[in-house]
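**Student:** For the protein sequence lines, the chains are A and X, in the order given.
Our numbering puts the first residue of the first sequence at 1, with every later residue one more than the last.
Our numbering puts the first residue of the second sequence at 1001, with every later residue one more than the last.
Hints may be right or wrong, so weigh each one.
[Claimed, not checked] Which bits of chain X does chain A cover? Going by a derived footprint, with three or more residues having C-beta under 8 Å, they are: (1) 1024-1030; (2) 1180-1188; (3) 1207-1219; (4) 1307-1320.
What the hints contain is simulated information worked out from the structure, not anything from laboratory work.
Note that the Cβ used here is the ideal one computed from N, Cα and C, for glycine as well.
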Amino acid sequence: MKVLVCISHVPDTTSKINFTNNNTEFDKSGITFIINPYDEFGLTRAIWLQEKQGAHITVINVGTSETEPTLRKALAIGANDAIRIDAEPTDAWFVASQIAAQAKEGGYDLIIGGRESIDYNGSQVPGMVAAMLGVPFVNACVGLEVDGGKATVIREIDGGKEKSIISLPAVIAGQKGLVEESDLRIPNMRGIMQARTKPLKVVAPVESERKTKAVLFEKPASKASVKLVDPDNIEELVRLLHEEAKVI
Amino acid sequence: MSVLVYVETWEGKLKKASYEAASYGARLASRLGTDAYAIVLNASDDASVLGKYGIKKTFSVKGEHFQHFHNYKYVEAIAHVAEQIQAKALVLSGTFTGKMVAPLLAVKINAALITNVVSDPQEVTPLTVKRSAFSNKGFVYYESQSEVNILSILPNALGVSESTGQGEVEEIVHTPETNIEIQIVEIDKVKGKVPLPEAEIVVSAGRGLKSPDNWGMIEELAEALGASTACSKPVSDMHWRPHSEHVGQTGITINPQLYIAIGISGAIQHLAGVSGSKTIVVINSDPEAPFFKAADYGVVGDAFKVVPALTEAIRKFKAQ
């Protein structure tokens, strides 16, 4: 079984988000980058497939050389090899086209991405990859079992969960539930040493259009400081919610 | 040229989140000087009600192929109607269903997709819209480079614009060609509750409640407000409440009009999932809880006294 895990290189959850160059660019200075948390749930689930079912795990990222430490971390966690498509990942269509091209070439049984990235929150790439390949797509996947050419998947739906059986190859977009946080692996020294010599292939991008362009960034308006209400006069809170906030 | 809105159904009923998408589509159509149409699949409700939100005509697709949600089949039917009416802009809601549909549809009709949309377009040519990003810590204005566009609206970001009127409904038949099979084994529905991503009011509680046995007062407050209930991550990790109620970065992202957080300290991972809320009320006994910095209204006090008093006050208010 060959599994391709898509890795987004994103600012750490606790990062302060700032913009630069007249608010036309995200300010990367002082930012620590990590494996996108949603992708890490998928990577960990893939490692289980490696350990229990002998899967071969390739991780892939579309990014410039600055994303390599993130790919090396995925290798240290246990992926067998890595592919970096050498391009700026500014548009979902472009990124999906790159991953789909590699997926076609590599003949993967399963492609795992995250429900969304925590930077641009697009929720687009895995679904587009699936459509470009013409294979099943499962979003918000919280359960995955692979048996031969089929997978049993559980996904979140609006107001519940749905369990279904799909045939492989397929693309899933994962989240917590595929594995739990306590299952996530911190690379050990042996893993980190091994990761240095595992193959990391750098590939030129295929020709693809970019269908969107980020033209301006904006920070949320800073909140006015909190209005405190006396707990002994809770009717005042109801009045404020009705008359001032107009939400009830 | 026209605008097409994908209207979702839940057990045959038109979904409220889709009225927001319909309103958006109608406003966009009027700016483009054209008409807004809708497509609905497997509806038992009368879709002419969409006229109230500015939809001129709804294409209602029925039949055995559409009884269960199947993303590729649904996408085919939407693409089929989009082609018929030469839709240049498609609008849908960013629900779980919307997220299963939108990326496939973009590839099928060769469109740009912009998700998490939080406002009407700044410009219509080229289409430029504001979207939420960085887990609610920023916004990005996207400019489309494509002739055809799909906009996925962040649920509750814009609300509905309702007037009077009745839309036409045309039933159409579509036979899907996809050979992708999805065998549904089991659907586990949470009964009688508004799905959290679409809820307008959410009452949420955390470790400050001390025990799962104390959730009765949370549910009472939620009932008084007509709200959905949610919880913090530690609470779902300890299995005090089901994982489906966990809001925050690794759980569900919500954007309600009103979010009431009780006994939740407000870790950055929690805020990432809830700071899209229009109004935030924090009830906490610790005046230093970081959540107060992100709140509009705060009550420093014992939840076990404040919450029942608030429920009582809400009931009195509603009775007026």
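**Student:** Three residues or more, CB to CB closer than 8 Å: is that satisfied between the stretch 1207-1219 of chain X and chain A?
**Tutor:** violated (count 0)
**Student:** Taking 8 Å as the C-beta cutoff, is the stated coverage of the stretch 1307-1320 of chain X by chain A satisfied by three or more residues?
**Tutor:** holds (count 6)
**Student:** If you count the residues of the stretch 1180-1188 of chain X with a beta-carbon closer than 8 Å to a beta-carbon of chain A, do you get 3 or more?
**Tutor:** Satisfied; 9 residues make the cut.
**Student:** How does the stretch 1024-1030 of chain X fare against chain A when you require at least three residues with a CB closer than 8 Å, holds or violated?
**Tutor:** Violated: only 0 residues of the stretch 1024-1030 of chain X have a Cβ under 8 Å from chain A.
When the structure is compared with the earlier hints, violations turn up for hints 1 and 3 and for no others.
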